[in-house]
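Letter by letter, the chains look like this.
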Amino acid sequence: MGPAQRAAADLAAIREKKPLIHSITNLVVMNETANATLCIDALPIMSHAVEEVEEMVGIASALVLNIGTLTPAWIDAMELAGKRANELGIPVILDPVGAGATKLRTDSSKRLLENVKISIVRGNAGEVATLAGIAAEVRGVESIGAEAGTDEIAARFASTYGCTVAITGPVDIVSDCKQIARISNGDAMLAKVVGTGCMSNVIVASFASVDSDPFSAAVGALSTFGLAGEMAAKASGDKPGSFHVELYNALYAISPADVASGANIKMSDI
Amino acid sequence: MGPAQRAAADLAAIREKKPLIHSITNLVVMNETANATLCIDALPIMSHAVEEVEEMVGIASALVLNIGTLTPAWIDAMELAGKRANELGIPVILDPVGAGATKLRTDSSKRLLENVKISIVRGNAGEVATLAGIAAEVRGVESIGAEAGTDEIAARFASTYGCTVAITGPVDIVSDCKQIARISNGDAMLAKVVGTGCMSNVIVASFASVDSDPFSAAVGALSTFGLAGEMAAKASGDKPGSFHVELYNALYAISPADVASGANIKMSDI
Amino acid sequence: MGPAQRAAADLAAIREKKPLIHSITNLVVMNETANATLCIDALPIMSHAVEEVEEMVGIASALVLNIGTLTPAWIDAMELAGKRANELGIPVILDPVGAGATKLRTDSSKRLLENVKISIVRGNAGEVATLAGIAAEVRGVESIGAEAGTDEIAARFASTYGCTVAITGPVDIVSDCKQIARISNGDAMLAKVVGTGCMSNVIVASFASVDSDPFSAAVGALSTFGLAGEMAAKASGDKPGSFHVELYNALYAISPADVASGANIKMSDI
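Line by line, the protein sequences are chains A, B and C. First residue of the first sequence: 1, per my numbering; consecutive thereafter. First residue of the second sequence: 1, per my numbering; consecutive thereafter. First residue of the third sequence: 1, per my numbering; consecutive thereafter.
All the pointers check out, no bait thrown in.
Treat identical chains as interchangeable: a pair holds within one or across any two.
In silico DSS-like links for lysine-lysine, alpha-carbon gap of 30 Å or less:
(1) 83 with 117
(2) 17 with 103
(3) 117 with 103
(4) 234 with 266
(5) 117 with 266
(6) 103 with 18
(7) 178 with 266
(8) 18 with 83
(9) 17 with 83
It should be emphasised that the hints constitute simulated quantities derived from the structure, not laboratory data. Here the structure is a predicted model, which is why all the values come from computation and not from measurement.
The shape of chain A in the complex, shown without the other chains (with noise of 0.2 Å):
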């Protein structure tokens, strides 16, 4: 089965089982993200008080840690949380927002990654740079540079915390210790609506709720997401506001016919 059939088969699985998708993420995206993890009949719950996390999460299918707006008591709900999955066997998303934007963020995401078992670690270029220990240039939540090409550093953040990567930009890309895919699939639209990166965490973790295989799902949930960015770029023209509404549609309406025929992945080994 090629990757695209494999995305398929996943994008089907989640529409049959519901996967209830546990978030605890930045104040920005959380209607987004739930709205995303819904349209892909995935259900979301958000919950990030450290009296329940690791009760929630333990009917959860993934989870998924968002630092956003992070501070150190919503680290520490993260934390619990992540070790009740990984005792559980859930799958744990990582967003490393604005790693190398400031000490908070870069030590938190570090913390977490040391403590919690990730399967996916999902961000930009520049952030996925600095916690790979290659200098870079963060403005905000913006990657600005890195002193490395995109391959390179999702190479050296896989083999240095042993985890699956997915650096998202106009091209995606995924890379684990033995292999590298690259997602063709996207729009420049989805860099004008905040939260679509927060977005394609919750897709990556419904992904990955169904598929054991960490860089399978990474792989089949940005092509997806990637491909309903395309669908609703046709249908919204140059409008960040009508985008962001088709947005929701296509997450909606993308079929597993549509991902099997559109995907655009092609894989290396490294």
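Starting from the structure of chain A, add chains B and C where the hints point.
Just chains B and C, lined up with the frame of chain A:
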């Protein structure tokens, strides 16, 4: 005056009086519930600091408590605001989001029900069943099933807590200890957008601010909200992003005459 | 260069320089203000942890403080960030949301005005009047809509605090101690969507990041934002959900030429 006529009269009163609705609600739906409030010409205020909730509720016409992303500190603020609302005779609406999914949610809902006189509880079947002592499954914030029919759950809850209860679903059920209303307005798309239940809370609160009978207020609000959902579905088709936009348009456009002619309410005594 | 030409030049500078705008704002409008920021090609960052706000503001070009869902801990973070912005010479915009409604809001606004050098305060007439010490009379004046009242409020505020003040309403008033501008752009639909005032704050901040004169920055920003509101109203009609979507489209599409020809600004000396 029949229930549809009373709903229409209540909506007219809201549009004229523009009541201030104070919400202490979850982080996922704050913007959406504030916009829903504004669309029916009520005025939204969000405030959760223990230092000010009592003063803020003093200028409000109704209070909404929603535990969707609860922490113990937020429950403290809800209890303070609720007690002050009780002193002032302002109706309090409680949405026990996720009661049954975690101990914290079940316990916090019970704590609020014990310490604050709630006018109307609005939730799904699983949440309400859990609080009424009927076994039920709640997955995150989704009701999966309960060991009793919705009518029985509603009747048991109303008699246990002595307040009006509204269980929303394909058919909405409202009950106090004396009568039951079945509201058949609404559209399946309401389940495809995050926070429509939370939006319905502020509509219920707005109706309760102009109608001294909690049962009539809940019935009127849910038929009005359901009708707006029908109007939105007609305008948007099977597209959740577009439906979300059209739902605000419909809440803004819906008139007392629309409600008088379109409300689909069946009443019966218990 | 007249005020419309200056507004156009400022907008062109924002679209070219992509300034980073750090907001510590309320939970209701975070996504909306971030998207408004991005639509005019500035970059949004939200960060409120006391552990990082000083470092984050160090890479920003302007800082927005908005007390809409304040707690004392958030005000601490705002004060820290504001003081650091002052050291670095970065403009600080304050929105005293709800000043006058509760003691906490009035006191917190005054605390920020006393401890941080604010470049521009943006609020409604009642909030600004309260802080200028003329609350009761002003509420009465506001209810009968006297324009002379608003001028006096603005002048009193500007002379009390020595900063630029922008009072938004049907006609926006901007004043420092020397001059007053009346901006007649905008549309009544801006009052039918939650958070448009908050969105205008980040537009003001973006202008202040490229224009060293706070008065000119506020005038340019509010005429640009008002014009975008006019464009959105034309595209959407009397529908708040659609207007909200079109407002982002308009903020993204609006050009320096649109501003140069459409800005409706009247200037006068005090």
